Amino acid sequence: MKSRIIIRRLAVIACAGLVAAACGGADDPDLSSETLDSDGASETATSDDEPVSTETEASPEDAEMEDAREFFSNETLTFVVALAPGGGYDQMARSMAPYLEDYLDTTVTVENRPGAGGLLALNSLWNEKNDGSVFGIMLGQGAAGAIIADREGVEFTLEEFSFLARPAASPRVMVTGPESGLETIEDVMASENFTFASSGPGGNDHQDAVVMFEALDLSGEIITGYSSGSEAGLSVISGETDGSSGSFPSRWPNIETGDMIPVLAIADDRIEQIPDVPSVLELDLSEESAELAEAHLNMQAMGRALLAPPDVPEARLQLLREAFKAVITNEELVEELAAQSIPMDYLSGPEYRDLALQVVNAPESYADALRRATEEE
Amino acid sequence: MLEAFLQGLASLTPTVLAWMLLGIVVSTIVVIIPGLGGGFAMVLMLPLVYTLPPEAGLAMLIAALAVAGTGNTITSVLFGVPGSATGVATILDGYPMAKKGEATRALAAGLTASAVGGVIGAAVLVAILPIMRPLVLSLGSPEFFMLIMAALVFMAFVDKGEMLKSLVAGFMGLMLSFVGMEISTATSRYTFGSLYLADGIGLVPLFIGLFAIAEMIILLRKGGSIADATSESTARSQMFTGMKDVFIQWRTTLSSSVTGIVVGLAPGLGATTAQFIAYSQAAKLSKRADYFGTGEVEGVIAADAATNSKDGGALVPTLAFGIPGSAAMAILLAAMISLGIQPGPSMLTENLHIVWLFILILVIANITGAALCIALSGMFAKVTHVRASTLAPPILMISLFGSYSSSRHVGDIITALVAGVLGYTMVRFGYSRATLVIGYVLGILLERHFLLSMRLYGYDFIQRPIAASLLVAVLATLLVPPLRRRWTRVRSARAEFLPSSDEEARKSLR
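Top to bottom, those sequences are chains A and B.
Anchor point for the first sequence: position 220 equals 220 in my numbering, and the numbering is continuous, going up by one each time.
For my numbering, count along the second sequence from 1 and bump the result up by 1000.
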């Protein structure tokens, strides 16, 4: 199969012009923070993958499944990407597409619909036809954040989407710069004026900052206005600010070279590559702070979302879920994406929907913290 | 150093060169298509890159990156349609040149400037290798703020028509750039509750409207063809003139290339900024400043040299810190890491040969890409003689497709059409579109870096050494010429015997 995929890709490149017309998308001149920051990948260790999907709904009749299979093989499917071409989301979708085509014996076109931090794509997917021929890779964390913060212009109800799977979610890490003189989370907590570089309210790094400042009772300032994780990262390295946060895979190269010092794993457990760095749950937190931290970790677990419009016919939904499970756990693909620093972390559709429900109904204290941060700025 | 250079040279095997050539061809084709840029070309290649030997894969990506600013000159000059967001400033003088029947000269000059700029970018990259880490770290928000302010101040000189109209257009650009979400506070401005406007007015649809659509309206009303004058010189002689222009105007070529590199060094300034800063600067410093915007070859050179030289600068934060400044650099970085090449200090020690390989490919790809396009340009240029009624409909269609393809949102088509009418009206009443786009591109960056500087340093940010020097340089450019004029006048008045008029004093200065 691999050689077939390579041949197909060569063909794709050979007729780049035509494909460009079909797939669309402009060069995004500014690096969306997503590429580096909002997430990208999950832990390299995927050993704790859920063994089998736990669909509870009654499985449709064989005849219906047969119909669904026929439907997909006769239809050209549209795979919507919520961000511009070139980012991690786009790469993931384009890598998945050929495997999906093989599994469903169909044709898949990838379509980028960037804008408003992924919300435009969510709105458009919400209004798409729900026959199963249109689905997309969305920003799960961004979607949940928009619902919690009552963002203007949101047209969708998150839990009513058809949840196909979560392909990946990555742990995040808080880092400091060598110039800051802060080498552990204790140093950060003792610092009287800790400056944290972040994009701004709504950004993943800003959510990290708000929650960590509140839960760990840090004193200092969140410096907003960095347009990307790159810019915030450089300010930490140069000593302009003391620290920042980012997805672990995006910060790992800087940690390896010593340009950044990891001080806290914003994750349920410690991160394999940096075993000496404590996870936020290990810290001695008050009950309220622990509640905040846990809500934040759930939010982070939202990661990337594979969604379809609401009420996709049951048999087709099940087939899509099966197809994505097979694709996401396909070893060749996992290897291919791992090479691009995009490790996978599969969660089945129904489980993912449960997580989403939990997140949008987060404790008031968490929602308040996020909203307050927006108002204060 | 020499050893690493030879090692880098040795990695340029025929296989590597062949894949590099494929990278050049694919990227050139993609960037010629309106609305699609170099980042997209790299995405197309990515799956293939991982199946190749490391050097070949990297060569292909670097080559694609290097020529991403080359091919878009073609549509910019011929039709006023930006091939991608990095090719807009070329339109400002390139398209008027095409109208004068000098399409081939503009293409040759722009493409040669791209190649020369790219090579200068690579050369400077070599020169700053040893100091690349401290260099990047010495530039922060205050420095960027001053750099952008300098460009905005120079903007006023881009249009030599009526100062007031020029300012009005510039302010319109600034106001347009403030539409959308201000990131540091998540405040929506002028969005009327629409999510479409949350990211601001789209760069690609706005420019396509302002230039491509407006120009097609003008062309259709006027009739005839784009090139209304048939230049006496043949395509071949135009081509040589254009190529020579780049070297005759070596000051502009060099200073624009350097500006491109400096902008490239800053991850926060974005890939589209370099061309405009270089263009404003050339417009201020050029002796033929009065002709900018009317088909002045120096304007084309300034824009194109900066577009390609910025890649040399942009590689620095990527290689030195593993911090990519654009989507294209992020793709390159991911490829490097997956191939086991760790960015950071090791790039100067055990991986130095990789850096040399990059530099060599930058040089070869820039020259090859430009040569490829120049070879075709004579043929393309003939299109400017096609009748308007035949040419305009397909161009309008391609333009609208180009705007839509950037986000697949119908709002982009509306933006392009509204911008088209705006562009037409501006031309009709003598307002400069150049000042508008410069205000639009730089306004939001100016604000962001000002706010960041204030948050970090308060008003003390002006005292940072590099920021202060930039400020002095701007003030000097603004104040010295009028002061000198005044001084000359006073002196000549004292000398009494010279019938010195203002005009002559000015001439003697030039």
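Keep in mind that the hints are not guaranteed to be accurate.
Okay, the calculated beta carbon distance ranges per label pair [what the hints assert, rightly or not]:
(1) A:Thr157 to B:Val1410: 20 to 26 Å
(2) B:Thr1185 to A:Ala190: 28 to 34 Å
(3) B:Ile1029 to A:Pro178: 25 to 31 Å
(4) B:Leu1376 to A:Ser73: 39 to 45 Å
(5) A:Gly239 to B:Arg1485: 41 to 47 Å
(6) A:Ala339 to B:Pro1130: 48 to 54 Å
(7) B:Ile1029 to A:Ser73: 43 to 49 Å
By construction, these hints were calculated from the structure, which means they are not laboratory data.
Computed from a predicted structure; not experimentally measured.
Glycine included, every Cβ here is placed at the ideal spot set by N, Cα and C.
Hints, verified against the model:
In this structure the hint that A:Thr157 and B:Val1410 lie 20 to 26 Å apart at CB holds, the actual value being about 23 Å. Between B:Thr1185 and A:Ala190, the C-beta spacing of about 29 Å keeps the proposed range 28 to 34 Å intact. Against the hinted window of 25 to 31 Å, the Cβ-Cβ separation of B:Ile1029 and A:Pro178 comes to about 45 Å, which falls outside the hint. Checking the proposed 39 to 45 Å range against B:Leu1376 and A:Ser73 shows it holds: the Cβ atoms sit about 42 Å from each other.
The hint said 41 to 47 Å for the Cβ distance between A:Gly239 and B:Arg1485, and at roughly 45 Å that hint holds. A C-beta distance of roughly 32 Å is found between A:Ala339 and B:Pro1130, which places it outside the suggested range of 48 to 54 Å. Checked against the hint of 43 to 49 Å, the pair B:Ile1029 and A:Ser73 fails, with Cβ atoms roughly 32 Å apart.
When held up to the earlier numbered hints, the structure conflicts with 3, 6 and 7 and fits the remainder.
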